[in-house]
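Protein chains in written order, with the numbering used here: chain Y, 1 to 429; chain U, 1 to 429.
To be clear, the hints were calculated from the coordinates, so they are not data collected in a lab.
A portion of the hints provided could be inaccurate.
Copies of the same chain are indistinguishable here, so a pair counts whether it falls within one copy or spans any two.
Calculated pairs, DSS-like style, for lysine-lysine (alpha carbon to alpha carbon, straight line, at most 30 Å) [said to hold, decoys possible]: (1) K236 / K262; (2) K327 / K90; (3) K226 / K262; (4) K327 / K255; (5) K26 / K90; (6) K11 / K41.
2 protein chains.
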Amino acid sequence: MQSGMMDILIKNATIITQNAKRETLKGDILVRDGVIAEVAKGIAGKAEFVLDGRGKLALPGLVNMHTHVAMTLLRGYGEGLPLRRWLREKIWPTEEKETAADAHAAAQLAMLEMIRGGTTAMAEMCRMGVPEIARAAREAGIRAHISLGLFDLLPGRALEGELRAMEKSIGEPDRLVQYGVAPHSPYMCSEELLRGAARFAGKRKLRLHIHVSETREEVLGIMRDKKVSPYEYLDKAGVLGGNAIAAHGSWVSKKEIALAGKRKISLVHTPASNLKLATGGICPVVEYGSAGANVCMGTDGAASNNSLDMFAEMKLTALLQKHRYWKADALPPARALDFATINGARALGIDSGRIEKGALADIVLLERGPNLTPCNDPVSNIVYAANPSNVTDVIIDGKLVMEGRRIRTLDEAAVLQRAEDAAREMRRR
Amino acid sequence: MQSGMMDILIKNATIITQNAKRETLKGDILVRDGVIAEVAKGIAGKAEFVLDGRGKLALPGLVNMHTHVAMTLLRGYGEGLPLRRWLREKIWPTEEKETAADAHAAAQLAMLEMIRGGTTAMAEMCRMGVPEIARAAREAGIRAHISLGLFDLLPGRALEGELRAMEKSIGEPDRLVQYGVAPHSPYMCSEELLRGAARFAGKRKLRLHIHVSETREEVLGIMRDKKVSPYEYLDKAGVLGGNAIAAHGSWVSKKEIALAGKRKISLVHTPASNLKLATGGICPVVEYGSAGANVCMGTDGAASNNSLDMFAEMKLTALLQKHRYWKADALPPARALDFATINGARALGIDSGRIEKGALADIVLLERGPNLTPCNDPVSNIVYAANPSNVTDVIIDGKLVMEGRRIRTLDEAAVLQRAEDAAREMRRR
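Hey, can you work out the whole structure from these sequences and the hints?
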């Protein structure tokens, strides 16, 4: 048995399989060596851990496809200022003061919150601290795809330095941690940097994480300067492909959606952050999906959300599509659940997001509680009524990371104290 | 000491007072005979219950100003159908089969969910079961304002019968339960019923709970049939005044907002329900507030939300205003917290929603946990990052209703089982 991997048997749960038929089954789940060894009724035999699933829902772990965990210390900081003043006076100057130790503290904090919210994998774009965030993920026992955000259109930054930093940021991947390439956005990167990043990602078979078309301002800027739309510009630079993870993507034309679909990109919808920053656009995820894009979901950072709760994000995604199209059946809850589970796993190239024999063992148990009662429709309950209070147990890569609401991998009180202290220090500096 | 009232001492909490200066204090809270006896540092003396508030936030209880608790058994039922088919094929026929025992089971279930989510008072409009809902509130230990929904523009209903049912529905109020009058809406009530209800409410000094301008269709219908806007029509019928609690109010003109403000109505914003039913309108709560209306918040029923979580509703309220006006500072989190606490209490005419000497003792303790760390801004954390998992203790009317996440007033497992059974029975009937 590999270190940290255990045999776990979940008995008598209601299992939201997310298999091809999207079946809900009643039965047992056997986890062995990091994968799901069996899903059946009445599995016999012994296991190191036996979890009583009676009255509980077993759900594939949620995948948060756009995070900035190193910013978690800035949660609620500078609240109430208009966007530009908030960024210029509060967020950017404070971020500049962040140390590698801060990034590690912030990442552990964010990962605790995500685990408590049923998230088992995340895609991070950070300004610094790639090794510290990777270490935090291994300590917490959560899957992380980590990329260093690159920008050469800022004072003090230049193409060559960014390309070197990119190469240097790629560590040794393992079962939990993957590394990717993250040219920040078409408006913060030169075309050369975009091309260089895309070429490098292609050569090294890495994923490419980027911000696209979050605000009108940036879209109009690209169209003015480049004479093409942002997606066309990125396509020309070689960025758009099956390995691309594009966050936001709200301000788009039908032609751009068709292009994103044709290139099979993964589109990450971040509804709470978009509303909070008042970007004005509601991402047309249904249209992206119909065009062929792989639609996922993310919370964005705690500074612009301010939580890392994928249940809230699923609900908001379903609600906003209904609102956008004035159509109460615009996005069924089952689609939102796909975005947050199996589509996220696909974007990361991992066989997770489903509870079936052979898949990676990333499983969340939800206690029903009053908010999930009655269970007329378990998927509707999960998307519209669940919250982190329902999450009791979390298994990631076959390891029991949270058991009966107790985190097993980290000393939670110590992480909270360290984060609180680091945030106070950062504000003072 | 009155029955059920206890002396409670909360030590060393961070107190969100919601006092006139909106101060956040560190200290102790003494609860005696249902009211807050003292808020100070280092209160000495003994108490029956001593709660350790270290690292916790003490918040005035949240007030959910628009609920349909008797519909809680329909949570997630008929999901995925378009609105009209959902109502006609699923919700209405099933509601018709509801018994008084179902209403009681549903109400207890809803109240458990609300208590677990930090809600200490609610305003209910129901189709039936007023005495059962009142009994459930007394058993659960939650404050409830209960009104029977009246409509005479439906087949089988008539003015005289509705007026008689209205008079009969008014029970004996006590510290927890109040009764009100609820003409359903301008499109389900004749002008005579609206007038009769308003007159009765005035004479008996009762509050008047009504649905207004939720959908375009109803607004256009009133304007076509009555030649005036819905608010003008209601004003003419005597409905608009300081005792009016108007739910939704999304599709309105500036003139109507001015009228609502002038009449000092309480406007209840229900953002999740409006989005879920794809009504298309985002209620301009900032404008209502500026005009003089008392803005509150509600979840609406579990069939159209599908949770009863006021933290989610506060966040959504703040996010949607930013989105509506493309302005990141359109609604500061402190305003959203006011809507959910002190404004709700004002609408109900109770001295709650604040933690100050002399106010009713409706207090919620929140554990910080990773999602509320760091605490750069406690109010921002509560509005944007809190969820029911943070709620550890709930005091209502001086009584400890939940202690360390354990409900003290009801047998929770029995309530859940009864609700699940009743929902299954209802679907079968």
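Hints versus structure:
1. K236 / K262: Classified as within: same-chain Cα gap 14 Å, cross-chain 58 Å, threshold 30 Å.
2. K327 / K90: Result: close only across copies, 18 Å inter versus 39 Å intra.
3. K226 / K262: within (22 Å within a copy, 52 Å between copies)
4. K327 / K255: both (23 Å within a copy, 28 Å between copies)
5. K26 / K90: between (50 Å within a copy, 26 Å between copies)
6. K11 / K41: within (9 Å within a copy, 50 Å between copies)
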